[in-house]
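Asker: Here is how the chains run, residue by residue.
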Amino acid sequence: MKRKVLAVVAAAAAVAAVAATAASGAVKADPGITKSSITIGGTFPLTGPASLYKTIPLAEKAYFDYVNDTQGGVNGRKINFLIKDDAYSPSNTVPLTQELVERDKVFAILGSLGTAPGLSVWNYTNQRKVPQVFLATGDSFWGFCATKVCDGSKKPWTIGWQPDYPGESRQYGKYIAANTPNAKIGVLYQNDAYGKNYYAGLRLGLGAKKSNIVDAETFDATATSLAQQILALKSKGADTMVVFGTPTPTITALVTATKVGWSPTTYINNVSANRLFLLAAAKAGANVDGVVSTTYVKSPTVNAGDKAIKQARGILQTYAPALVPSWDSGDSNITYGLGVAYTFVYALKHAGKNPTRASLMNALHEMNTSNPYLYPGIRIFTDFHKGHRDNFPIEQEIFIKWAGGATGDWKPFGKLLGGIR
Amino acid sequence: MSRGLVTRLGVIAVAAGIVIVLGFRLSDYHLGLGARIAIYFIAILGLNILTGYTGQISIGHGAFMAIGGYTTALMSYYHHTDLLLTLPLALAVCFVCGLAVGIPALRLSGVYLALATFALAVSIPQLPLKWSKWTGGSNGIRTFTSPGNNWLYRVCWICAGIAFVAAWLLLRGRTGRAFRSIRDSELAAASSGVSLPIYKTLAFGVSAAFAGVAGSLFVLVTNGYAQPNEFGVLLSLQLLIGAAVAGLGSLYGTIVGALFIGLLPQISTSVPLIGSGHGQDVVFGLIVILVMILLPNGVAGLLGAIDSRFKSAIKSDPTTS
Amino acid sequence: MLGLSRKTKVSTGASLPVIVGIAAACIFLLVGCLVSNIFAQQTVAGLAQGAIFASLALALVLIYRATEVINFAQGELAMATTYIAYQLTLWHVSYWLAFFLTLVISFVLGAVVYGVLIRPVQHRSVIALVIVTVGLFILIDGLVTWKWGADLKFMPAPFGNNVYHAGGVSFSRQDIGVLLVSILSVILLWVLFQFTKLGLAMRAAALRPAAAALVGIRVDWMLAIGWGLAAVLGAVAGLMTEPSQFLQPTMMQAILLYAFAAAVLGGLESPAGSVVGGLAIGVFLNLIGQYVGYATSELRLPIAFAVLLVVLLLKPTGLFGRRQVRRV
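Residue numbers (our numbering), protein chains in the order written: chain A, 1 to 421; chain B, 1001 to 1321; chain C, 2001 to 2328.
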């Protein structure tokens, strides 16, 4: 009996405490936020094997600086974005994230790049209830695990941004099954979770046609040449090549295929479909016409006439002039960074006058907005109301095909694809 | 008690005092950093037993750390083994692995041994990728529970203390004499009755066991997350750098070596020398080279030169002896 | 002097069983190529890749022979010099002019590295030398990333992009070019060592420094030239890697690992051995990848290093090395 009373009292006290904090609102602000500033940070591979993604954080920073200067920040708070270099290794991500959270007292972790780095700290950020926002990786965990137990617990403080990898490769599978039902498919994928997820999605999309896969070869991140794998695919009689890799090996694969006198119909994943990389492959001799991929962000070149894209160039010129040359040659990673930063600013605006970490997550869990940096028609949408469990901000993509060889560009075709998760 | 021993005990007591006091004063973030330094301390201690005292070079200790780390992660993940219990387990597994490497290594010396151990450093971290079904591959694998920084700081430094005492006891006795005689001259050691195969293999085993414990703890400070990239070649090289900075053949210098590799990257990131984050590598590389050129016997050698009682400035040269 | 030139002759040094084994392997490859197109194609691709391993392995061997150093920074030096060539092409220097200018610059760079960094620690332990080269590795990596950034860069294609077909096998001009340039540089080096006074002096300085000094050879200069030549070979390897791997600071790191394996396979003391070792590893890895299902890509490096370990344990001096009398 006594125990029961105690429990009731305790429960009441807890409710009262929660109500009190809710009512007092800004009495005790969360770390990283003051009247005039909000500090956020992320870990990115500025050096090492994945460092070609470093334009992403630089673009994000440029956008925040632009918002700070032209709009005085968000609700009068200037955004201070800290970039840490983890060289893509979890043993660096962990101490650097601790440094961001405990020493630099960031309000949220924004945009940290890579699946293994993200996995290495998501228990930590969720235990401490630090928002781990817009991880730059397309694994499904970030979307599903807000409401599902993963790795020991639910991860409601984590959210991704881009469309999910297996969902994307399912589209290639469907497309191949529908348009070239007799294709002999050779798959070349990176021998890690990233490549394997893509491969699994492809098989799912192919459905009954997955028996058309005549060979699947893997390659290692340390590969010095892909000739052996490409030759193996060719020797098995494949006429369609699907490549799931990071940009450098994908370019190498395109070049090597041409070099060994093989010209299959080629599909590459979105991550590697940056115009810069295709131009490079073409320059190195690859036959890139007809390569198929997908995109969800606007391209600085394809969408050059677009108002937001025109304006973006101005932003970069002022706040990150070093990025302008690669912007002009069509680096869609920069659009990606701008898009992420835009979405963060949007969420922050919707997190209340005095945002807390919890109110930021609430805002992130009910986004419904367009984004000037996304391909026209694609919306950012999450929904945690009424039993909905949608924690995937972007679920749409569009097919693109390359034309014009070494001076060419992507051409979007077909309808917007939905349900990518 | 000799005067030397008293001084040494005094130094150790002061060091232990500092570690304990820091344990209460440091912020959570710095406790994590402190735990890492303890881990480097243990690993460098192990490497020093092999390279500094027995004269057998190893550029492969990251591989033993990987084995130890994965032992902890796998046992905790699949059997929910208590994290503390996985430490002796990692120790035992790595001791056996060390012996297994030590036996073929008997045939090698100098650069050849360096290359063979380097091969281990490169190859072992690739294996979890091959057997990704039960190691998690590139997505890594996590221990069932992951401790906080306070726990880590204490456990890591207690382990470091035990490791130090164990190393000291081992090296001051018969075994230590045998190790040193092998380093100074294998021929002379053999002719005075020291069994080269037994002691060289033993040195490998002990050294690997230290690295194994360090690897276990290394996984624990990485939020209990084991992933192949953590145990890359760079880790092995860092340990060797730490041992050399410490001064090969000096137990006391080890702490300086651990501080060096644990803190230098932290410090050099904030050097505004060239900005843009790459100053770190430039500064780290430069300091490594300068230390090697200017301090032939590491920090311990420097101290030894200053204080002649500090008789640890031993030339360690496994090849040309 | 007489004894010296006999002992230091850059002969293959291979024993009869090794020569027979290599001949057998060549016949096996030849027959395989005639029987199967894919076998032939994999062999050609393996040779092109192996030629790059061979160049870098030869650089390692040159340095080892001259100064008994295993240069962990060899790959990064090669990478840095490739960036220099890239910078030259940015300044509108034509590719081949940039190529040769880079070789000259590399030579100077290699010699300077020896004089400034290696010479002060040369007579210390193996460990000290290894660590200095590791420090150099980190330093070069930092400098290059600082100057040029870590994103991919691209140079003009040196050989054009044509593909030739012969009997169902495709040869790209690029692969053939890479193979020819690498082999040509090896031959030139061999001629230098074997038939010139400078080459003789260098061999003398490396093997009997004291005696060489007595006959008036400036030993330090000779060793510096050795380092310079190794850097030139590295630059060739880097420039020949660029067309397939493109320019990035990590481009030579994996290649260096294979080059280690190649150098040990051939014998650390044997230039000819390192070339054979490089080609052999290139071909072997490709064939094993094609025909052994279990040997998936993550095992390429472990397999290469398993070869290295087996060689070290069974014949530590490598296929082409001679057993050295151990100095006590």
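The set of hints was computed from the structure by calculation and includes no laboratory data.
Incorrect hints may appear among the rest.
Partial list, computed: chain A residues near chain C (C-beta under 10 angstroms) [to be verified]:
(1) T218
(2) S235
(3) T252
Simulated crosslink set (BS3-like; lysine-lysine; CA at most 27 angstroms straight-line) [to be verified]:
(4) A:K307 with B:K1130
(5) A:K105 with A:K283
(6) A:K415 with A:K353
(7) A:K210 with B:K1133
(8) B:K1133 with A:K196
(9) A:K129 with B:K1130
All figures in this text were calculated on a predicted structure; none of them were measured in a lab.
We put the beta carbon where it would ideally sit given N, CA and C, even for glycine.
Asker: Now tell me, hint by hint, if it's right for this structure.
Answerer: Quick rundown of the hints versus the structure:
no.: 1; hint: T218; verdict: 5 angstroms, holds
no.: 2; hint: S235; verdict: 4 angstroms, holds
no.: 3; hint: T252; verdict: 6 angstroms, holds
no.: 4; hint: A:K307 with B:K1130; verdict: 49 angstroms, violated
no.: 5; hint: A:K105 with A:K283; verdict: 46 angstroms, violated
no.: 6; hint: A:K415 with A:K353; verdict: 39 angstroms, violated
no.: 7; hint: A:K210 with B:K1133; verdict: 22 angstroms, holds
no.: 8; hint: B:K1133 with A:K196; verdict: 12 angstroms, holds
no.: 9; hint: A:K129 with B:K1130; verdict: 35 angstroms, violated
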